[in-house]
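Engineer: Residues in the sequence shown are numbered consecutively from 1, following the numbering used here.
Hints listed in this document are in silico derivations from the structure and should not be mistaken for laboratory results. There may be inaccurate statements among the hints.
Here are the computed lysine-lysine pairs in the DSSO-like style, where the Cα-Cα straight-line distance is at most 30 Å [as the list claims (entries may be wrong)]:
#1 K28 to K68
#2 K36 to K314
#3 K185 to K109
#4 K144 to K105
#5 K73 to K36
#6 K36 to K109
#7 K105 to K127
#8 K109 to K217
#9 K265 to K312
#10 K269 to K109
#11 K144 to K185
#12 K96 to K178
#13 K236 to K185
#14 K140 to K185
#15 K226 to K96
#16 K96 to K73
#17 K127 to K210
#18 K217 to K256
#19 K312 to K36
#20 K140 to K226
#21 K127 to K96
#22 K217 to K96
#23 K178 to K127
#24 K178 to K217
#25 K210 to K96
#26 K307 to K269
#27 K96 to K68
#28 K127 to K28
#29 K140 to K161
#30 K314 to K73
#31 K226 to K178
#32 K265 to K178
#33 K96 to K185
Quick list of the computed label-pair ranges, beta carbon to beta carbon [what the hints assert, rightly or not]:
#34 P167 to F136: 16 to 24 Å
#35 I274 to L34: 16 to 24 Å
#36 V276 to T165: 17 to 25 Å
#37 L252 to P167: 17 to 25 Å
#38 S267 to H134: 53 to 61 Å
#39 A141 to R69: 53 to 61 Å
#40 P270 to D49: 32 to 40 Å
We put the CB at the ideal spot given by N, CA and C, even for glycine.
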Amino acid sequence: MRYFTLILIALFPAFCFAGEEDSTFARKIFDEALTKGRCYEMLDVLCNDIGARLSGSPEAARAVEWGKREMEKHGFDRVFLQEVMVPHWIRGDVEKGVIYTSDGKENRKVPICALGGSISTPEGGIKAEVVEVHGFDELKALGKTGINGKIVFFNRPMDPKLIITGPAYGGAVNQRHKGAAESVKYGALGVIVRSMTLALDDVPHTGSMKYDSAGVKIPAAAISTKGADYLSVLLKTDPNAMFHLELSCQTLPDEKSFNVIGEIKGSEKPEEIILVGGHLDSWDLGHGAHDDGAGCVQAIEALRLFKALNIKPKR
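When you get a sec, could you build the whole thing from the sequences and use the hints?
Structural biologist: Encoded structure:
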């Protein structure tokens, strides 16, 4: 025990020195980032000059060029493009959602938007009774008898009691992602899904969805949270109310695009890789700042900080 204590005492100054060195090093990174950081400048160009960057679009191609230029500008050891084929879906000009009472009278137009990857409706749209559900168990319980020939309305909200919104989103998003694929099993004509947001407004939120590869495809759209609440209240007094859904979106052949890769080579173990990154593409109804412009510029900035401070990582 005496020897162990002596060794600890002998090593303690080294630990303190290492801690101070790390702290000083971290402070240099913080200072560089806070006083000379370029994240907001880069994000401004990506989101405002280039704008929305839907996969396969000309704007997405411009974002690739921009990313490569930024990395080259900061003198990364290696910058290159990696070819990849990407989906090319376009929204189209028509997105219409109208609620009708069961006696056929137009009741209210509500804001909707097609989900990413959805097929279009037939020209002129589809009009059918609406059935509200909050999950796939309810869908299964209704079965073909309750679903066939109708439009399924998924209205399970995100949980507002969760302080961290990620789990709230995760707890509701399966109805958007798989709602169409599940509903078509019971003969649904289409799907509308409550927007994945805690805000109560008239701004519908698009997002990804997935069809079963071998299954029938039906159109799918997001409805604003205010629109969803209104429709839900109406269905309680008029359970045979109808919904008119019209979309003109379509999926085009895949487009060639590129992963944009910048490297700082490790000084000791260059074959081992530490990876940071984001996705350059974004949805088309906003500027793509949060999803995922911020992730992209932070990834570039991380390497810029290393270069600016002459940090030579081992990996």
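Engineer: Against this structure, judge whether each hint is valid.
Structural biologist: Evaluated hints:
no., hint, verdict
1, K28 to K68, "27 Å, holds"
2, K36 to K314, "25 Å, holds"
3, K185 to K109, "28 Å, holds"
4, K144 to K105, "27 Å, holds"
5, K73 to K36, "15 Å, holds"
6, K36 to K109, "49 Å, violated"
7, K105 to K127, "12 Å, holds"
8, K109 to K217, "25 Å, holds"
9, K265 to K312, "8 Å, holds"
10, K269 to K109, "61 Å, violated"
11, K144 to K185, "8 Å, holds"
12, K96 to K178, "22 Å, holds"
13, K236 to K185, "25 Å, holds"
14, K140 to K185, "9 Å, holds"
15, K226 to K96, "16 Å, holds"
16, K96 to K73, "45 Å, violated"
17, K127 to K210, "23 Å, holds"
18, K217 to K256, "25 Å, holds"
19, K312 to K36, "20 Å, holds"
20, K140 to K226, "27 Å, holds"
21, K127 to K96, "11 Å, holds"
22, K217 to K96, "19 Å, holds"
23, K178 to K127, "22 Å, holds"
24, K178 to K217, "12 Å, holds"
25, K210 to K96, "21 Å, holds"
26, K307 to K269, "18 Å, holds"
27, K96 to K68, "39 Å, violated"
28, K127 to K28, "62 Å, violated"
29, K140 to K161, "28 Å, holds"
30, K314 to K73, "23 Å, holds"
31, K226 to K178, "22 Å, holds"
32, K265 to K178, "41 Å, violated"
33, K96 to K185, "25 Å, holds"
34, P167 to F136: 16 to 24 Å, "19 Å, holds"
35, I274 to L34: 16 to 24 Å, "23 Å, holds"
36, V276 to T165: 17 to 25 Å, "23 Å, holds"
37, L252 to P167: 17 to 25 Å, "35 Å, violated"
38, S267 to H134: 53 to 61 Å, "55 Å, holds"
39, A141 to R69: 53 to 61 Å, "55 Å, holds"
40, P270 to D49: 32 to 40 Å, "35 Å, holds"
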